[in-house]
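Peer 1: With chain A fixed as given, assemble chain B onto it according to the hints.
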Amino acid sequence: MPTPLYVHLETKTLASGAAAVTFSSIPSTSGGEPLRDLVLSMNTDGAGGFAAFQLTFNGDTGDNYYYVFMRGDGSSATSGNAVGAARIQTYGTVNEGVAIASVMDYSATDKHKSVLIRYGSDAVVSAVAARWGSTAAITSLTITGNYTAGTTFTLYATVGE
Amino acid sequence: MSVKSLSSSSLTNNVFYRSLLAGSDPFIPFTAADDLLAEVTLTSSASLVTFSGLGAYTDYKHLQVRAVLRSNYAGSSDVLHAYVNGDTGNNYARHNLTGRGSQGDVISGSSTSQQYFGRPSIKGAGGVANSYMPLIFDLLDFSNTSKNSTARMIAGDAENSETVEMHSGLWLNTNAVTSLTMTGAFGTELVTGSRLTLVGIR
Numbered sequence: 682m683p684t685p686l687y688v689h690l691e692t693k694t695l696a697s698g699a700a701a702v703t704f705s706s707i708p709s710t711s712g713g714e715p716l717r718d719l720v721l722s723m724n725t726d727g728a729g730g731f732a733a734f735q736l737t738f739n740g741d742t743g744d745n746y747y748y749v750f751m752r753g754d755g756s757s758a759t760s761g762n763a764v765g766a767a768r769i770q771t772y773g774t775v776n777e778g779v780a781i782a783s784v785m786d787y788s789a790t791d792k793h794k795s796v797l798i799r800y801g802s803d804a805v806v807s808a809v810a811a812r813w814g815s816t817a818a819i820t821s822l823t824i825t826g827n828y829t830a831g832t833t834f835t836l837y838a839t840v841g842e
Numbered sequence: 007m008s009v010k011s012l013s014s015s016s017l018t019n020n021v022f023y024r025s026l027l028a029g030s031d032p033f034i035p036f037t038a039a040d041d042l043l044a045e046v047t048l049t050s051s052a053s054l055v056t057f058s059g060l061g062a063y064t065d066y067k068h069l070q071v072r073a074v075l076r077s078n079y080a081g082s083s084d085v086l087h088a089y090v091n092g093d094t095g096n097n098y099a100r101h102n103l104t105g106r107g108s109q110g111d112v113i114s115g116s117s118t119s120q121q122y123f124g125r126p127s128i129k130g131a132g133g134v135a136n137s138y139m140p141l142i143f144d145l146l147d148f149s150n151t152s153k154n155s156t157a158r159m160i161a162g163d164a165e166n167s168e169t170v171e172m173h174s175g176l177w178l179n180t181n182a183v184t185s186l187t188m189t190g191a192f193g194t195e196l197v198t199g200s201r202l203t204l205v206g207i208r
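Top to bottom, those sequences are chains A and B.
When the letters of the first sequence are read in order and numbered with this note's numbering, they come out as residues 682 to 842.
When the letters of the second sequence are read in order and numbered with this note's numbering, they come out as residues 7 to 208.
Since the hints were made in silico from the structure, they are not lab data.
One or more hints might be untrue.
Claimed, not checked - Which residues of chain A face chain B? A partial, calculated answer using Cβ under 7 Å:
hint, residue
1, Pro-683
2, Thr-684
3, Leu-686
4, Asn-745
5, Tyr-747
6, Val-749
7, Met-751
8, Tyr-772
9, Met-785
10, Ala-808
11, Ala-810
12, Arg-812
13, Val-840
14, Glu-842
What the hints assert, rightly or not - Far from chain B by the CB rule (all over 10 Å, computed), these chain A residues:
hint, residue
15, Val-702
16, Phe-704
17, Gly-740
18, Thr-742
19, Ser-760
20, Asn-762
21, Ala-767
22, Thr-825
Said to hold, decoys possible - Using C-beta positions, here's what the derived DEER-type ranges look like:
hint, chain 1, residue 1, chain 2, residue 2, range
23, B, Ser-185, A, Gly-765, 40 to 46 Å
24, A, Asp-791, B, Leu-54, 21 to 27 Å
25, A, Thr-694, B, Ser-185, 39 to 45 Å
26, A, Gly-713, B, Ile-113, 41 to 47 Å
27, B, Asn-96, A, Ser-821, 46 to 52 Å
28, A, Pro-708, B, Gly-59, 28 to 34 Å
29, A, Ser-705, B, Thr-94, 46 to 52 Å
30, A, Asp-754, B, Ser-108, 15 to 21 Å
31, A, Pro-683, B, Thr-151, 21 to 27 Å
Fair warning: this is a prediction, and the values are worked out from it, not measured in the lab.
Beta carbons: idealized from backbone N, C-alpha and C, even for Gly.
Bound conformation, chain A alone (with noise of 0.2 Å):
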C-alpha cells in the first residue's frame, strides 16, 4: 500500500486583514512516520499592494536569512539577494498572488533549513532560493505581509520513511 506522501497539518483562511500568520506547533512526525519538507501554499490578497510575503521561522527576526530571487515582471527580469536579513523574502508590490513555498528538511537538526519558492501575482513571476542559518528544528513558521479577508494558507508536511 504506497504511503500518501503529503500530510495536511491546516489552513487558515483570513476573516478580517492581518499582517502577519504563524503557524505554531509544527509537528517533526505524523502517525509515527518522519515528516521530511513543509509545503506552504498561500493564495493572497494584499490591502493597496504589499511587498509580496516574508517568511520566518521559530519567531527568529535575526539577520540568519539569506536568499536570492528572480523576477519577471512582464518587461524586464532582474535577480536580487541578500545576505543576513531578518526574513526572507518575495519582491513585487502586488495584490493577488499565490505561492508555493517548499521547506527542505524542516524538522532537522543538523541542517541548514533551505527553501524553494515560486510565486506568481497579477504583476510578477518569481523564483527564490533561501536558507535559514540555523540548524533548529522548524515548530512554528511566520507569514508577514499585508493581507485582506480571504487570504488562505495551508501549510503540508511530506512523509519520510
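Peer 2: Coordinates of chain B only, in the frame set by chain A:
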C-alpha cells in the same frame, strides 16, 4: 424552471474581496494521489544514487525527486548530473533560466547533445557547514513509450554562488524510464546527509 433573483439583501457577507478566489474554499493543490515511493538519506558518502525498478510505478503519470544535496567537491558549489536508464550518451538537451543574485541579472542558456538532464547547482564541500542545496526534480511521462521523456527542475543556492535556477531537460529516447541516477559533476561523491525522496504523481 423558475428564475431566482439575487439582491444585496440576500447576501450575508458584504465584505469586498479583491481576489476572485477570496471567500472560496481553500485552494488545495495536492491530493492523496501523490505517494512516497522511496527515500534515500546517505549515512556515508556515495558516488551516485540510483532509483531503479521504476517500471513498477507505471500507475503514476510522473515522478518527482525532492532532495537536499551536497558533494565533496572542494568549491562551494557543485553541479548535479541526472540521467536515466544508465544512458550517459549525448542524448539529452536542456535549457536553463538562472537568477544570479548580486550580479542583478537573469540569464538563460541551452545545450543539445548533452550527457545529462539539466545542470542544477548543488552544495559543495567548500560551502557553509550544515548547508545542503535544495532541488525539486520532476520527470514527466516517464513510462510513456511514444514520447521523449522531459524533466523540469528548480534549485538554488543562497550562498556564495547566489543562484536561483529553473532547468528543463529532454531525453531523446522514447523508451520507458526504468532507472534514474543522480551524481555530482565535479565532486566524486554525494556526502552524508544528502537526502533524496522519490514521489509518484498520478
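Peer 1: Does each hint hold? Answer for all of them.
Peer 2: Here is what the structure says about each hint:
1. With a least beta-carbon distance of about 4 Å to chain B, the hint placing Pro-683(A) at the interface is held under the 7 Å criterion.
2. The beta carbon of Thr-684(A) comes within 4 Å of a beta carbon in chain B, closer than 7 Å, and the hint placing it at the interface holds.
3. The criterion of a C-beta within 7 Å of any C-beta in chain B is met by Leu-686(A), whose closest approach is roughly 4 Å, and the hint holds.
4. With a cut of 7 Å, the hint placing Asn-745(A) at the interface with chain B is violated, because the nearest CB-to-CB distance is about 12 Å.
5. At about 4 Å, the closest approach between the beta carbon of Tyr-747(A) and any beta carbon in chain B falls short of 7 Å, and the interface hint on this residue holds.
6. Annotation: interface hint on Val-749(A) holds; nearest CB of chain B at approximately 4 Å, less than 7 Å.
7. Given hint, Met-751(A) at the interface with chain B, holds; its Cβ is 3 Å from that chain's nearest Cβ, closer than 7 Å.
8. Taken as an interface hint, Tyr-772(A) does not check out: its beta carbon lies about 11 Å from the nearest beta carbon of chain B, beyond 7 Å.
9. Interface hint status for Met-785(A): upheld, as the beta-carbon distance to the closest one in chain B is roughly 5 Å, under 7 Å.
10. Of the supplied interface hints, the one on Ala-808(A) holds, with its beta-carbon coming within about 5 Å of a beta-carbon of chain B, less than 7 Å.
11. Hint on Ala-810(A) holds. Least Cβ distance to chain B is approximately 2 Å, under the 7 Å limit.
12. Using the Cβ-Cβ criterion of 7 Å, the hint placing Arg-812(A) at the interface with chain B is satisfied: the shortest such distance is roughly 4 Å.
13. The closest approach between the C-beta of Val-840(A) and any C-beta of chain B is roughly 5 Å, which is under the 7 Å cut-off, so the hint is satisfied.
14. Hint status for Glu-842(A) relative to chain B: holds, with the closest Cβ pair at about 4 Å, below 7 Å.
15. At roughly 13 Å, the least C-beta separation between Val-702(A) and chain B is larger than 10 Å, which holds for a residue marked as non-interface.
16. Separation of Phe-704(A) from chain B is adequate, the least Cβ-Cβ distance of about 14 Å exceeding the 10 Å criterion.
17. Annotated as non-interface, Gly-740(A) keeps its C-beta farther than 10 Å from every C-beta of chain B; the closest such distance is 21 Å.
18. With a closest Cβ-Cβ approach of about 17 Å to chain B, Thr-742(A) is found to remain outside the 10 Å limit, as its non-interface label requires.
19. A beta-carbon of chain B comes within 10 Å of the beta-carbon of Ser-760(A); the shortest separation is about 3 Å.
20. Listed as outside the interface, Asn-762(A) is inconsistent with that label: its C-beta sits roughly 3 Å from the nearest C-beta of chain B, within the 10 Å cut-off.
21. The claim that Ala-767(A) is not at the interface with chain B holds, since no C-beta of that chain comes within 10 Å of its own (minimum 14 Å).
22. Thr-825(A), annotated as away from the interface, keeps every beta carbon of chain B farther than 10 Å; the closest lies near 19 Å.
23. Evaluation of the 40 to 46 Å hint for Ser-185(B) and Gly-765(A) yields a pass: the beta carbon distance comes to about 42 Å.
24. In this structure the supplied range 21 to 27 Å holds for Asp-791(A) paired with Leu-54(B), their Cβ-Cβ distance being about 23 Å.
25. Between Thr-694(A) and Ser-185(B) the CB atoms are about 43 Å apart, so this pair conforms to the stated range of 39 to 45 Å.
26. A hinted range of 41 to 47 Å for the beta carbons of Gly-713(A) and Ile-113(B) is consistent with their spacing of about 46 Å.
27. A C-beta distance of roughly 49 Å is found between Asn-96(B) and Ser-821(A), which places it inside the suggested range of 46 to 52 Å.
28. Against the hinted window of 28 to 34 Å, the Cβ-Cβ separation of Pro-708(A) and Gly-59(B) comes to about 32 Å, which satisfies the hint.
29. Range check, Ser-705(A) to Thr-94(B): Cβ separation about 47 Å, and the 46 to 52 Å hint holds.
30. Restraint check, Asp-754(A) to Ser-108(B): a C-beta distance of roughly 20 Å satisfies the suggested window 15 to 21 Å.
31. The hinted range of 21 to 27 Å is satisfied by Pro-683(A) and Thr-151(B), whose Cβ atoms lie roughly 23 Å apart.
In summary, the numbered hints that this structure violates are 4, 8, 19, 20.
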